[in-house]
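Undergrad: The lines below spell out each chain.
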Amino acid sequence: MSLKSNLHSLKEKYKGTKMAPAFNALHTFLYTPNDTTHNGTHIKVADDLKRTMNTVILAMLPCLIFGMFNAGYQHNLAVGDIQAVTSGFFSSEFWTLDNFMIGFWKIIPLVIVSYGVGLGVEFLFAVIKNHEVEEGYLVTGMLVPLIVPIDIPLWMLAIAVIFGVVIGKEVFGGTGMNILNPALTIRAFLFFAYPTWMSGDKVWVEGAVQRTNDIAAGANLDAISGETILGSLAQGKEIAYSVSDMFLGFIPGSIGETSTLLIILGGLFLIFTKIGSWRIMLSSALGAIVMGLIFNQVVSAGIITESSKFYGLMSTPFWEHLIIGGFAFGVVFMATDPVTASQTNKGKWYYGFFIGFISILIRVFNPAYPEGVMLAILLMNVFAPTIDHYIIQGNIKQRLKRVKVKTA
Amino acid sequence: MGLLSKKDSKLILDPLTDNNPVTIQVLGICSALAITAQLKASIVMALSVIVVLGVGNVVISLMRNIIPSKIRIIVQLVVVAALVIIVDQVLKAYSYELSKTLSVFVGLIITNCIIMGRFEAFALANGPWKSFLDGIGNAAGYGLILIIVGFFRELLGSGTLLGFKVLGDPIEKTGLYALGYENNGFMLLSPMALIVLGIIIWIQRSRNKALIED
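In order, the protein sequences belong to chains B and G.
In terms of the working numbering, the first sequence has 11 at position 11, counting the first letter as 1, and numbering is strictly consecutive.
In terms of the working numbering, the second sequence has 210 at position 210, counting the first letter as 1, and numbering is strictly consecutive.
Honestly, the hints are just simulated from the structure, not real lab data.
Here the structure is a predicted model, which is why all the values come from computation and not from measurement.
Quick reminder that beta carbons are idealized off the backbone N, C-alpha and C, glycines included.
It cannot be assumed that every hint is accurate.
Heads up, simulated BS3-like pairs for lysine-lysine below, C-alpha to C-alpha not over 25 Å straight-line [to be verified]: (1) B:K129 - G:K209; (2) B:K4 - B:K50; (3) B:K15 - B:K129; (4) B:K237 - B:K309; (5) B:K274 - B:K50; (6) B:K18 - G:K209.
Taking CB as the label site, the calculated pair distances span [unchecked claim]: (7) B:K274 - G:L161: 53 to 59 Å; (8) G:C113 - B:T196: 35 to 41 Å; (9) G:K92 - B:F172: 43 to 49 Å.
A few chain B residues that don't get close to chain G, going by computed Cβ distances all over 12 Å [claimed, not checked]: (10) T96; (11) L261; (12) P385; (13) H389; (14) V403.
With the hints as extra help, turn the sequences into a complete structure.
TA: See below:
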């Protein structure tokens with residue numbers, strides 16, 4: 001018997017029992033159901049919610065695989081086993097099996113914990129509340145490992161996932177009803193609950209925390225560290241990475257966010273399949289550019305001098321803000337979440353613009369939160385329904401005016 | 001309940017559960033969010049409110065027939081302000097550190113909606129004994145929630161209870177900390193108090209069918 005018919009018979013067997021939603025979810029996740037609706041309107045659409053989710057996951061896969069190589073690369077580079085890349089994206093120093101395996105064994109547990117715990121909570125709620133398992137977690141579960149530092153302890157991730165799914169989503173009524181992006185809720189929880197594991201110069205390089213502990217215990221080793229570019233800039237340090245390193249992604253950072261090139265490719269894929277909104281991506285970039293330009297002007301006008309603590313990030317060229325930190329990743333994969341973003345086309349422009357604008361604002365003025373894009377997206381998530389409300393009201397007003405002119 | 005009649009004991013017990021001022025009426029939230037990072041502060045705050053509301057309700061009830069209704073709010077304010085100043089002075093005299101932690105929130109008991117609410121809704125219309133029971137009951141209901149929130153926030157946020165290191169020492173890495181456990185810094189921030197409070201309301205509502213709306 002094939003897997004498909006196995007799943008089908010399991011589903012039939014448990015029909016009407018408490019566990020029914022669980023088997024139904026497994027079946028429809030992997031295959032199209034055998035049966036069709038028997039009455040009412042029939043609407044046939046090729047991609048349902050699950051296909052949509054799978055497409056987004058597909059767009060993120062290159063980032064995940066690059067993240068595995070980069071984790072090993074950063075580790076080996078910090079330890080001093082290999083040299084820094086020299087020949088562009090396909091440098092042989094980077095794409096080695098050794099690099100990949102270090103990252104693989106570190107990241108796969110993160111993915112398993114993220115999916116295992118998150119789907120566990122979803123299954124639990126589906127069984128208790130007696131509804132079908134919702135697909136919302138499929139994308140969240142893949143986003144979560146990509147936006148955390150490589151050395152985050154697994155139990156912290158598990159607690160954060162439970163918090164994010166329950167408080168960020170289930171209390172509002174599950175998939176499609178949430179106000180905040182669940183993946184970012186999970187990251188924000190980690191950030192505020194365990195700040196030492198989410199920032200600083202130890203957590204971004206595989207093994208750095210372990211080595212610090214070993215040295216403290218008396219081992220004869222050199223300390224390794226790696227700071228994110230935003231972290232260095234906020235402290236007014238020089239950055240040691242070239243622009244091509246930043247764009248291609250050979251820099252320390254959260255697992256999947258470093259390679260702007262691959263994120264852009266994923267973004268184009270989402271736009272091409274009409275799943276991600278190009279309006280949000282474009283307007284976010286615009287917002288960041290506008291804010292960046294303002295800061296650059298402030299610096300070149302001499303209002304902020306080198307003695308200021310804001311100088312480092314303010315003098316960063318506006319286009320560099322787009323390729324450092326998690327900005328690109330957040331804008332392409334998280335700001336475009338159809339549930340929490342603005343629904344109206346005009347609203348999407350405002351929504352995106354403010355995400356970019358506020359991200360850079362937070363980056364510059366609050367060095368304690370070097371990654372502004374997380375907070376900016378969460379903030380605009382809250383405002384998205386308000387934006388939509390005014391867009392719709394404005395539209396109604398405009399049309400009413402036209403009616404009056406006609407009848408007068 | 002030999003001491004209290006059935007009706008009287010209901011006055012005390014109702015606000016603890018089915019008609020809790022914090023979780024059901026959602027009053028007095030600001031202080032519940034602000035001072036519950038430590039269990040000790042929660043307990044002292046709870047006791048202060050019990051004293052102020054218990055005594056205040058009796059005083060208002062005794063004066064209920066001579067207060068002109070046009071200026072009753074001002075009279076109530078004077079009574080509660082006098083009581084709060086007494087509590088504040090006692091705290092400063094006997095527990096200075098703690099009164100610094102509670103800072104303005106002792107003074108702000110004056111504006112705690114539960115107190116003015118009970119004066120208006122109960123003490124102005126009932127005798128002193130009943131008002132006393134009602135005041136104690138409502139303040140205890142408020143204090144109960146404060147203590148529950150304070151318990152979880154201190155335990156998970158600092159790993160201590162009333163200052164005792166119940167989970168081990170985070171610096172020397174003993175107890176749970178030896179296994180890699182770490183305190184949850186989010187618990188010390190006020191937003192988490194709101195979430196803990198929300199979870200309490202959630203549990204209470206899902207267990208008590210009478211509270212489920214529509």
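Undergrad: All the hints need checking, so say for each whether the structure fits it.
TA: Hint check results:
1. B:K129 - G:K209: This hinted pair holds, its Cα atoms lying about 16 Å apart.
2. B:K4 - B:K50: 17 Å, holds
3. B:K15 - B:K129: With Cα atoms ~16 Å apart, K15 (chain B) and K129 (chain B) stay inside 25 Å; holds.
4. B:K237 - B:K309: 11 Å, holds
5. B:K274 - B:K50: Within the cut-off at roughly 15 Å; holds.
6. B:K18 - G:K209: OK: K18 (chain B) and K209 (chain G) at ~22 Å, within 25 Å.
7. B:K274 - G:L161: 53 to 59 Å: The hinted range 53 to 59 Å holds for K274 (chain B) and L161 (chain G), with Cβ atoms some 55 Å apart.
8. G:C113 - B:T196: 35 to 41 Å: Holds: the Cβ-Cβ distance is about 39 Å, inside 35 to 41 Å.
9. G:K92 - B:F172: 43 to 49 Å: Roughly 44 Å apart at Cβ, these two residues keep to the hinted range, so it holds.
10. T96: 31 Å, holds
11. L261: Since the minimum Cβ distance to chain G is about 34 Å, L261 (chain B) lies beyond 12 Å and the statement holds.
12. P385: Per Cβ check, P385 (chain B) is outside 12 Å of chain G; nearest 20 Å; holds.
13. H389: 24 Å, holds
14. V403: 37 Å, holds
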